[in-house]
Structures are given as structure tokens and as C-alpha cells.
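S.K.: If you read the protein sequences in the order shown, they are chains A and B. Each residue of the first sequence is one higher than the one before, starting from 1 at the first, in the working numbering. Each residue of the second sequence is one higher than the one before, starting from 1 at the first, in the working numbering.
Watch out, some of these pointers could steer you wrong.
[As the list claims (entries may be wrong)] Stretch by stretch, here's where chain B covers chain A in the computed footprint (C-beta under 8 Å, at least three residues):
no.: 1; region: 65-74
no.: 2; region: 97-109
no.: 3; region: 118-132
no.: 4; region: 146-153
no.: 5; region: 190-204
no.: 6; region: 227-233
no.: 7; region: 239-247
[To be verified] With a straight-line Cα cutoff of 25 Å, these simulated DSS-like cross-link-like pairs (lysine-lysine) come out:
no.: 8; chain 1: B; residue 1: Lys266; chain 2: A; residue 2: Lys109
no.: 9; chain 1: B; residue 1: Lys266; chain 2: A; residue 2: Lys235
no.: 10; chain 1: A; residue 1: Lys201; chain 2: A; residue 2: Lys235
no.: 11; chain 1: A; residue 1: Lys262; chain 2: B; residue 2: Lys153
no.: 12; chain 1: A; residue 1: Lys259; chain 2: B; residue 2: Lys113
In short, the hints are calculated from the structure, not lab data. Model, not experiment: these values are computed from the prediction. For each residue, glycine too, the CB sits at the ideal point set by N, CA and C.
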Amino acid sequence: MAANIVVLMKQVPDNTKLRVDSALTAMPAPGGPSPVDMMMNPFDEYALETALRLKDSWGGDTTVTALSLGHDSVKALLKKAIAAGADAAFIVGETAPLDGFQRATVLAKAVQTLVPDAVLVLGGHSSLDEAGHQTAAMTAEALGWPSLSGVKLAEGDTSSLTVSRVGDGGLEQHRMTLPGVLATIKCDYELRTSNIKGVMKANKTDIPVKSLADIGVTLPSATTTLIQLSPRPAKAAGQVITADGNEDAAIDAVVAYLKAQKFA
Amino acid sequence: MTIWIVAEALSPKSVFTTIEALTPAQTLASQSGSALCGVVLADSEAAGRTVADALAVHGFAQVIVGVSPRLATYQPQVYAAALAKLIESRQPKVVLVAATSTGSDYAPRVAYKTSAGLITQAQNLAWDNGALTATKAGVAESLIMSMHSAAGKTVIVTVRPKTFEAPAANAVAASVEIVNLSLDSVASGTEFVSVTAEAATRIKLEEADVVVSGGRGLQAPENFALVEQLAEALGGAVGATRAVVDAGWRPHSEQVGQTGKTVSPKLYVALGISGAIQHLVGMRTSRTLVAINRDADAPLMKQADVAVVGDALTLVPKLIAKLKG
Chain A
1 MAANIVVLMK
11 QVPDNTKLRV
21 DSALTAMPAP
31 GGPSPVDMMM
41 NPFDEYALET
51 ALRLKDSWGG
61 DTTVTALSLG
71 HDSVKALLKK
81 AIAAGADAAF
91 IVGETAPLDG
101 FQRATVLAKA
111 VQTLVPDAVL
121 VLGGHSSLDE
131 AGHQTAAMTA
141 EALGWPSLSG
151 VKLAEGDTSS
161 LTVSRVGDGG
171 LEQHRMTLPG
181 VLATIKCDYE
191 LRTSNIKGVM
201 KANKTDIPVK
211 SLADIGVTLP
221 SATTTLIQLS
231 PRPAKAAGQV
241 ITADGNEDAA
251 IDAVVAYLKA
261 QKFA
Chain B
1 MTIWIVAEAL
11 SPKSVFTTIE
21 ALTPAQTLAS
31 QSGSALCGVV
41 LADSEAAGRT
51 VADALAVHGF
61 AQVIVGVSPR
71 LATYQPQVYA
81 AALAKLIESR
91 QPKVVLVAAT
101 STGSDYAPRV
111 AYKTSAGLIT
121 QAQNLAWDNG
131 ALTATKAGVA
141 ESLIMSMHSA
151 AGKTVIVTVR
161 PKTFEAPAAN
171 AVAASVEIVN
181 LSLDSVASGT
191 EFVSVTAEAA
201 TRIKLEEADV
211 VVSGGRGLQA
221 PENFALVEQL
231 AEALGGAVGA
241 TRAVVDAGWR
251 PHSEQVGQTG
261 KTVSPKLYVA
271 LGISGAIQHL
281 VGMRTSRTLV
291 AINRDADAPL
301 MKQADVAVVG
311 DALTLVPKLI
321 AKLKG
């Protein structure tokens, strides 16, 4: 039986290119017009890598399918996933802002209709833009599947996985029966880079864009709404001490500050 | 209307975040005339009462303890079902959950199950015409998002450790209600196997009042001894930048920033860290920042309350000696 893995991927604003006085007043929709550069959500890259590692280990006819919500231009991001080793990709062309509840409803239905024999869904633990920490677990609840977040490693076969996650008391080991959902944090392995063969495959792969009607889902009403996006207030300038040749005086000043703040 | 604050008996170390959440909860309750109630999920009545007692020390006058032997180990579906059952039977308006790895893991499942709103890692909480609003950091902590919950629905709010100051101890005699939860029919596709405990003596990075971090400016991995010694002198935890974690100097568990941990200590001390945006996003909510770096124009130095322009390798031993002396 073919084992299919779905990777949820999201395009997010590239915060390294974001200036403090950014004109970003609304969250850019993935693939849509944006005043800032967009990139793949960093944690999703580890979700993809974890999927590709499981594919390597399961072998045979295992496939990895990348799934993204957003505008058509998210294709560029999904092509990168295919170049890195994913076999197929789909876009659900929903561009309106969704809350976690709506997004999970759509993603669960997309998994059920587009990849009906999926045994595992992987996603990043959190997205850089909304920092919601919720899509994977909510999608699992919508599918009625088990889930674990904070995942650093997943190994096993197509029926069950041993999963390491960062828990409150240390690194936890769980056994998960598949189908299931995992949300990855930064893992201890290197991300693979694409090669020429992968890029050529990506260029030839058609990435279908599906509407909500195509996957048979009606949006539920939102439970939360982002009403405003504002810059973080600028911090007042602090005290600058130049230590050169005056090391002891500089240290005295630091210790005085720490004492005044009751840290020493 | 009722406001709940949830604790898990399984993670006693996280109870302090529950106590911190009492601070905004008290304000919300007094603004809306709501009742405040602690909720403990426990595998036995005794374990639940222990946590209820810890909450009572900080003024929780009413505590519901949901008990089931199936809560003995962490299974997301079972924990989600336990809290969802309590929410469905009592319909609280707001449910505050600690944004620990356990709370952050099961809260989204509870929200989906109960069709409740979910606002994660909330910072400022307020009412707007009967609906809860909250701010939270977005785009990697660069921007502030104002979130609005749908009126007439329960909203689940997660709160990160150290976001709020815990209220002073104010011991009360809590009225504790034990609710036996029937979770036998709840499917769980996960089974807890084991945990590799962190050294008990070490202060957890996310929960530390003081964090001392080092970066490339320390030049060599062995110089991190200075970071450790200064952390010890200040009673804090050790952090590191992505660059030194990627170079193998320090474990990923110490990484502060975008793909590492987010910390909000009372004091953050940065040694030899220039302050790439990926690092800043992990520590910019620190209350005070002391930075030592040779480059006065480094981004982190511009953010610092006290910026010392100089060589950390020369200055830190003097600082440690002075603090110990």
C-alpha cells in the first residue's frame, strides 16, 4: 500500500527584511501582494525534511505531498519543496484571512479529498507571522487523528512512529499510531538542498489550485479576528558606557545598575 | 460569567505560570463582575488537591479538580477531552491555559472540540463590549497583533511564562470541588513512553528571571565558561545565539531566537552578541537588557538599557569578581 505523507507549508513575511517602521498594517496573504519579501515558514522546512527522511526510510512507493493555502504565486514555494524531494503539491486558493478554526477545517478537508490515503500530516510547530501554535493540532482534531507538537524526531514504520518532543520536564518519547499529525520545531539534522534533477522535476510538475468548493468545504464563521497590526513601540535609548582603558569604571557602572535594579 | 485558569498536576513546575495568569484574570474579572475559578486536571484526587492548595496560597478561592486515572501521563487527546468536557458542562467565558509545551499542545484541540476561540501567547487582555480582546506579538515578535474574540463564545487564551508578574501570596481557604471525569471512551493514538529529565539543578531558560547569553563575540566554545559563571553569579540561566548553536558550541536547548526559545526574563545579559533579527525576536520582551560588545553600532547595543562598548572576554571576569566580592 502506498503510504502518503502530507506537509503543510506556509509562506510568511521574511522578518529579516522587515524594518521596524514597516508599513505592514495587515498580515500579507501567502502569495499575495506584500510590502515585504516572503519566505517559507522556517519550522515548515523541518516538517518537509522530516517527511523526506521518513520517505527515505519507508521506501517503495511512499509519496510526499506539499499543501499550502494562498494565492497562486505560492507555487514558487511549493516548487522548492518539490525540488528538495516532495512528489506533488496542491494549493487551496483561499486568500481571505482565516482564523485557526477555519484554517484547520479547510486543511483537514483538503487532506481527506486530495490525499485520501495520507497516513501522516506534518507541519511547522508555529508560523512566523501569526505565531499561533495551533494549525497542526487543530487539523488533527478536525481529522480525529492523534497529534504531537514540539517534535524534534520521528522514526518508525507506516503504522506507528516513535516521536521525540520537547516537553515541560525534558525530552519526551511518545509512540503514535498512524494516521496522525506532527508539528516540528528545529530538528537536529541538516536540511537537504535541491539539485539540478530536483529543480527540473519541479519545473515539470503541475501544481493544481483547488477552490473550497473543489474540496467540498464551507467556511465556518471565525472565532477570532485580527483587528489591527501595529509596530512595536520603540525603546528609549539606554546608557552607553565605553570601557576602553576604563574597564574597572565600566564594570562599577554595570554593577551599580544591577544593584539599583535589584539583580545583584 | 466565569473566568477559568487551568493547571495540570502532571507539570507541577508549570503551576507558577497559572499563578501569574491570575494577575490579568483578576483585572478581567473585576471589570466584568465575573467569578474566578482555578481548574486542575489530575490523575488522582490527592494530586489535584496538592495543586489546588498551591493555588489557594495565591488567592484562588474556588478550584475545580477534574480527576481521571487516564490523566497520569500526557496524551493530547485525553487531556483535550478532559478540559473540553468541563467547558461544555459549565460554559466559562474565558479559559486561561499556561503556554507551556503541554498547555500549548492540547489547548488548540480543546478550542476545535468546543468551537471556542483561541488566542495564543496573549499579552494584554481587555474587554470590548463583552468580547475579549488581546494583543500578541506577530511576524516574529516584530509587530503587535490585536486580536478580537467572537462575542457569545468561550475563548481559550494561552499565556507564556513570565508575561505577567505573579500576584503576592494571599492565602485563602479554597473551596475545592472534585469532578470525576469519565474518559474511558476517549481514543488516544499516542502513548507516553519516557522522559529524559533535565538536570533538576538547572533553571529552565523560559522560566528564568535572569538569562545570560553568549554569541560569536566570545570567540571560542571554552569561553562560554564565562557565560556560565556570570549566570551562576546572577542566579540565571544560560542562553546562546543560533550562530554558536550551529557551530556546535552549545546545545539547541539553549538557543534563544527564531528557531529556538522565546524568553522574557527580568534581566537579559548579552555577551558578544551583535543581535541579528533572528536573535532579537527571541528576547525583545525582556524587561531590561545589558549588552557587552566591541561594536557600539551592533543592533542589540542599540536596544540595551546599558550598553558596554568593550571586550566581553576582558570585562566579564571583572564583572563576576565584583559580583562575588
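S.K.: Hint by hint, note whether the structure agrees.
M.R.: Tested hints:
1. 65-74: violated (count 0)
2. 97-109: holds (count 4)
3. 118-132: It holds: at least three residues are needed, and the region 118-132 of chain A offers 5 whose Cβ sits within less than 8 Å of chain B.
4. 146-153: holds (count 5)
5. 190-204: This one is violated; 0 residues, fewer than the three required, reach chain B with a Cβ under 8 Å.
6. 227-233: holds (count 6)
7. 239-247: holds (count 7)
8. B:Lys266 to A:Lys109: The hint is violated at about 44 Å.
9. B:Lys266 to A:Lys235: holds, 16 Å
10. A:Lys201 to A:Lys235: violated, 49 Å
11. A:Lys262 to B:Lys153: violated, 43 Å
12. A:Lys259 to B:Lys113: violated, 50 Å
Violation of the numbered hints given earlier is confined to hints 1, 5, 8, 10, 11 and 12; the remaining hints are satisfied by the structure.
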